[in-house]
Amino acid sequence: MNAVRQTTLGDCVTLSGVGVHSGKQARLSIAPAEADTGIVFHRTDSSQSVRACRGAVRGSDLATVLRDSSGPAVSTVEHLLACFAGLGVDNAHVELDGPEVPILDGSAGEFVAAVDDAGIVETNRPRRYLRVLKPVRIETETGYGELTPYDFGFRLEVEIDFAHAAIGRQRFAATMSPNVFRKELASARTFGFVSDVERLWQAGYALGASLDNTICLGEDGIVNTTGLRYADEFVRHKALDAVGDLAIGGLPMMARYRSYRGGHKLNFAVVDALLSDRTAYEVVEARIPARRSVSANAGVVAVAVPAYAPEL
Numbered sequence: 003m004n005a006v007r008q009t010t011l012g013d014c015v016t017l018s019g020v021g022v023h024s025g026k027q028a029r030l031s032i033a034p035a036e037a038d039t040g041i042v043f044h045r046t047d048s049s050q051s052v053r054a055c056r057g058a059v060r061g062s063d064l065a066t067v068l069r070d071s072s073g074p075a076v077s078t079v080e081h082l083l084a085c086f087a088g089l090g091v092d093n094a095h096v097e098l099d100g101p102e103v104p105i106l107d108g109s110a111g112e113f114v115a116a117v118d119d120a121g122i123v124e125t126n127r128p129r130r131y132l133r134v135l136k137p138v139r140i141e142t143e144t145g146y147g148e149l150t151p152y153d154f155g156f157r158l159e160v161e162i163d164f165a166h167a168a169i170g171r172q173r174f175a176a177t178m179s180p181n182v183f184r185k186e187l188a189s190a191r192t193f194g195f196v197s198d199v200e201r202l203w204q205a206g207y208a209l210g211a212s213l214d215n216t217i218c219l220g221e222d223g224i225v226n227t228t229g230l231r232y233a234d235e236f237v238r239h240k241a242l243d244a245v246g247d248l249a250i251g252g253l254p255m256m257a258r259y260r261s262y263r264g265g266h267k268l269n270f271a272v273v274d275a276l277l278s279d280r281t282a283y284e285v286v287e288a289r290i291p292a293r294r295s296v297s298a299n300a301g302v303v304a305v306a307v308p309a310y311a312p313e314l
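Take 3 as the starting number for the sequence shown in our numbering and just add one per residue.
Calculated directly from the structure, the hints in this document are not laboratory data. Since we're looking at a predicted model, the values are computed, not measured. No residue lacks a Cβ here, since even glycine has one placed at the ideal position from N, Cα and C. Take the hints with a grain of salt, since some may be wrong.
Below, simulated BS3-like cross-link-like pairs (lysine-lysine); rule was C-alpha separation at most 30 angstroms, straight line [what the hints assert, rightly or not]:
1. Lys185 - Lys267
2. Lys267 - Lys136
3. Lys26 - Lys267
Label-pair distances were calculated between CB atoms; the ranges are [said to hold, decoys possible]:
4. Gln50 - Asp163: 38 to 46 angstroms
5. Ala175 - Leu230: 18 to 26 angstroms
6. Lys26 - Val123: 40 to 48 angstroms
7. Val199 - Ser278: 35 to 43 angstroms
8. Asp38 - Tyr146: 31 to 39 angstroms
9. Ser278 - Asp38: 41 to 49 angstroms
The task is simple: from the sequences and hints, build the whole structure.
Okay, here's the thing in structure tokens:
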């Protein structure tokens, strides 16, 4: 069902590439971290650090942006956070020499490959979970996002609806596990519309977008000659984004997340609403069984501890 011990990486890995919005090259290194560290971003060009948590979010329109009260921002963290959450990595140091995490191929696939190369190792500390106790829902003019209780891990149900012949209405649903994330979501790429490009450029976005890292949609269909990786790649990428955005809660969730016509801003609004209501969640800690009783099929027994905001 859920992992018992916190995890981190077994080794260091490095990737580099362009930022999809800034258009700037960046080098990113991921290193192991002690238990209870969480995911911490370090800007090596400024000696500033910021932990991936609700209190650090400074923007969520077209990407998730993190920043503490005084340091520079770290942008477009959602694909990397989705990789960590999807594979079950609790603790890591991420060093970045620029303002934006590289977009790579537009998915989380290369991050997953890098983490797999480094290996995932257990610590001796029990894993904590954010357990949703009652429904929390945010509605917009066109859609909604909702967290509800679910004691069997993290369930994701995402639906999109675009007035474009190549997309239309698509739905993805699955209970997350490392294998499900690797096979069903990790390789799904971000997408955009030719009709929006000029407006985004003028606003300072999508300066690094290209056919190498974005599925581009024109009036007549998909511009990329390589086609799609999944028949419903669009909704799968939205689901991938949701995994990364919800990781801002600071702990893996025991919950069902449903969204319709959602995005980064809506995903974060739901997390923010959850953590703003102390009666809507509790933190539970996995009980580490005695070694003699552990088996390959052993389940996890969660023990409730006093609720507190994960970022504390």
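For each hint, the structure was consulted:
1. Lys185 - Lys267: Roughly 26 angstroms between the alpha carbons, so the hint for Lys185 and Lys267 holds.
2. Lys267 - Lys136: Status holds; Cα separation ~21 angstroms.
3. Lys26 - Lys267: holds (24 angstroms)
4. Gln50 - Asp163: 38 to 46 angstroms: holds (40 angstroms)
5. Ala175 - Leu230: 18 to 26 angstroms: holds (19 angstroms)
6. Lys26 - Val123: 40 to 48 angstroms: violated (33 angstroms)
7. Val199 - Ser278: 35 to 43 angstroms: holds (36 angstroms)
8. Asp38 - Tyr146: 31 to 39 angstroms: Roughly 34 angstroms apart at Cβ, these two residues keep to the hinted range, so it holds.
9. Ser278 - Asp38: 41 to 49 angstroms: Given about 23 angstroms between the Cβ atoms, the range is violated.
In terms of the numbered hints stated before, the structure departs from hints 6 and 9, listed from lowest to highest.
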